[in-house]
Amino acid sequence: MPKLRTSAALWLSVLALIVLVLPLAVPSHFAIDIFIRVLLFAFIGVAWNLMGGYAKQLSLGHAAYFGLGAYTSTILLIRFGVSPWIGMLAGGVVAMLASLPIGAVCFRLRGPYFAIATIATAQVLMLLFLKFRDFAWGAEGTTMPNLGNSPLMMQFDAKAAYYYIALVMLAIGLAITYRIERSRMGYYLVAVGEDEDAAEAIGVNALRIKRNTYLISAFLTALAGTFYVQYIYFIDPNTVFGFNISVEVALVSIVGGIGTLWGPVVGTVLLEATSALLQSWLGSSHGGVQLTVYSLILIAVILWRPSGLLGVLTDAYARVVHAGPVRAREASLDG
Amino acid sequence: MLATVAQAVVNGLLIGGIYALVSIGVTLIFGVVKVVNFAQGEFVMIGMYISYFLATRFGIDPLASLVVTMPTLFVVGVLLQQFLIRRVLALGDMPQIFLTFALSLLLLNVMLLLFTADYRTVQTPYTETAIHLGAVYVPVAKLIAFVVAMLLSLALWLFLRGTDLGKAMRAAAQNRDVAMLMGINPDRVFCVAVGVALALAGAAGSLLMPFYPAYPMVGQVFVLMAFVAVVLGTLGNVTGALIASLMMGVAESLGIQFVGADSGLIVVFLMLLLTLAFRPSGLFGGWTR
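In the order they appear, the protein sequences are chains A and B.
Going letter by letter, the first sequence gives residues 332 to 666 in my numbering.
Going letter by letter, the second sequence gives residues 8 to 296 in my numbering.
Derived from the structure by calculation, the hints contain no laboratory data.
Bear in mind that the values here come from a model prediction, so they are computed numbers and not experimental data.
Glycine included, C-beta positions come from ideal geometry on N, C-alpha and C.
Incorrect hints may have been included.
Distance windows between CB atoms, simulated [what the hints assert, rightly or not]:
| hint | chain 1 | residue 1 | chain 2 | residue 2 | range |
| --- | --- | --- | --- | --- | --- |
| 1 | B | A124 | A | Y509 | 41 to 51 Å |
| 2 | A | F565 | B | A268 | 24 to 34 Å |
| 3 | A | A529 | B | V82 | 33 to 43 Å |
| 4 | A | Y648 | B | I67 | 52 to 62 Å |
So these bits of chain A aren't anywhere near chain B, every CB distance computed over 10 Å [to be verified]:
| hint | residue |
| --- | --- |
| 5 | A347 |
| 6 | P358 |
| 7 | A467 |
| 8 | N477 |
| 9 | N569 |
DMTMM-like cross-link-like pairs, simulated, lysine to aspartate or glutamate; straight-line CA separation at most 25 Å [said to hold, decoys possible]:
| hint | chain 1 | residue 1 | chain 2 | residue 2 |
| --- | --- | --- | --- | --- |
| 10 | A | K490 | A | D646 |
| 11 | B | K174 | B | D184 |
| 12 | B | K41 | B | D171 |
| 13 | B | K41 | A | E527 |
| 14 | B | K174 | B | D194 |
| 15 | B | K41 | B | D194 |
| 16 | B | K41 | B | D184 |
| 17 | B | K41 | A | D364 |
| 18 | B | K41 | A | E525 |
| 19 | B | K41 | B | D100 |
| 20 | B | K41 | A | D526 |
In isolation and in its complexed conformation, chain A is listed as follows:
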């Protein structure tokens, strides 16, 4: 067993090294752009997964927090000249505050009811921001002021800088998940996810556990919102509160494997890689191709591997490690 742990640590450091030098080794802007998207969506997926994966509270409204984070930092930046670094944290706090009443309503509901209620909250926020023309630019949205290369204002000439920020965010998200997974709270969460009534019966305060997790999840998702609008230099309600954001973050976790540390990362890499390949083959003119393929992958995963693709990878890895070199070679020849 210790042998497996050292090999896991070895693989992890190799992975870390590759990820660290990736933007230096790959000069293509297109490629780095995809890497940034992968890191960002993996990060939001990780944040979603705390709620949706471990506690099995299927939120289809995480765009609410993404959008609140994005709008808080943007309003602070444009109206008050506050650095997005501070705005990012402020956005996180706003999202946490918003998650309290939203959670108070939605946590009384289970399964499909909960999912529908979360869709409604994100939609209400989007409609409100579409309506607030004076306060938040309405449907037209606004572009970020271009301040040149000013790291203090979260604006960089080099795309690699955004890459490393997203990488740090993902690392933080994974570290938090890792900590929670191994804490009392993590076990409570899984218990609530398995059977809420049974968890309550043995003394878990399900409502408090869900609320606390939702706070963390909302905070992290809001950070991603700020980062995203700083990266694309544009904000409007349809982009940041859009249903697509809510869908994608849930999708990557489910495809990768909900309730697992690395599931959202595996799912994002797979889906974004597929989407990038499609884009380079077909050009970006074919509206609908990407989501068509995403949904086919999702249906296939649900029908054949409902626990997610991470399991497929770890099974294969375990087979290779335990089978020894000769049989491992056979296994790899088999396919």
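Position chain B relative to chain A; hints supplied.
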């Protein structure tokens, strides 16, 4: 002022009839099969496209195409239940929601690929005509849609009350295990439930076509409304869904009239959130889940 309110109420009731067809479908599938069909709106969309092509290629009136869309979508529903939903019934909420959700994404985006996002409309002799009742203006196409929607709802109600198959469906909805002990074949009942629900969605599509444009995203409008109606009317309760749909049509229409053109949905969603906060089991029933 009174005339404005009356006009808004009439507009709301008329479109509420269409919401009712969609939400009755959702609530029927949930009641019997215990799965929330997130793709219900996409079947409305498919019904619209079928009617659109029958109208433009063969000159068939969208209302006449009901006899095509309803049976077609019934068959689609049976296949959907048999080959997709049945396989995830034992898996719990999450895979079920995501299966129907993925199906919704798939249908929407395939249609986007095939037919682009263009709006497609059908002109019928009655598209522009209207009846004037005092100061209130009643578009004929919407009135026909409403009347047919109510007749179909009534037919479904009679079917559930009066026929053996309908009674079997209600029995399976109440308690699957006991229903099986009574000799009811759940597979067959589930197939019929999903088939009927999709046939209603298809009917909604045909009824909409004379006055509403078809485009790949159109289902989203109706499915969101249907979800709200289904929750307000208590998931699984057909009569509740019907009444809630009409109420929501009116609420949306009053919202548009008195708060602003983009506020209809806000009013409806706030209704949903308030209901969930104070009466999470809906307005019409005592049971949750």
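Subject >> Structure-inconsistent hints, enumerated in ascending order >> reply: Hints 10 and 17 not satisfied by this model.
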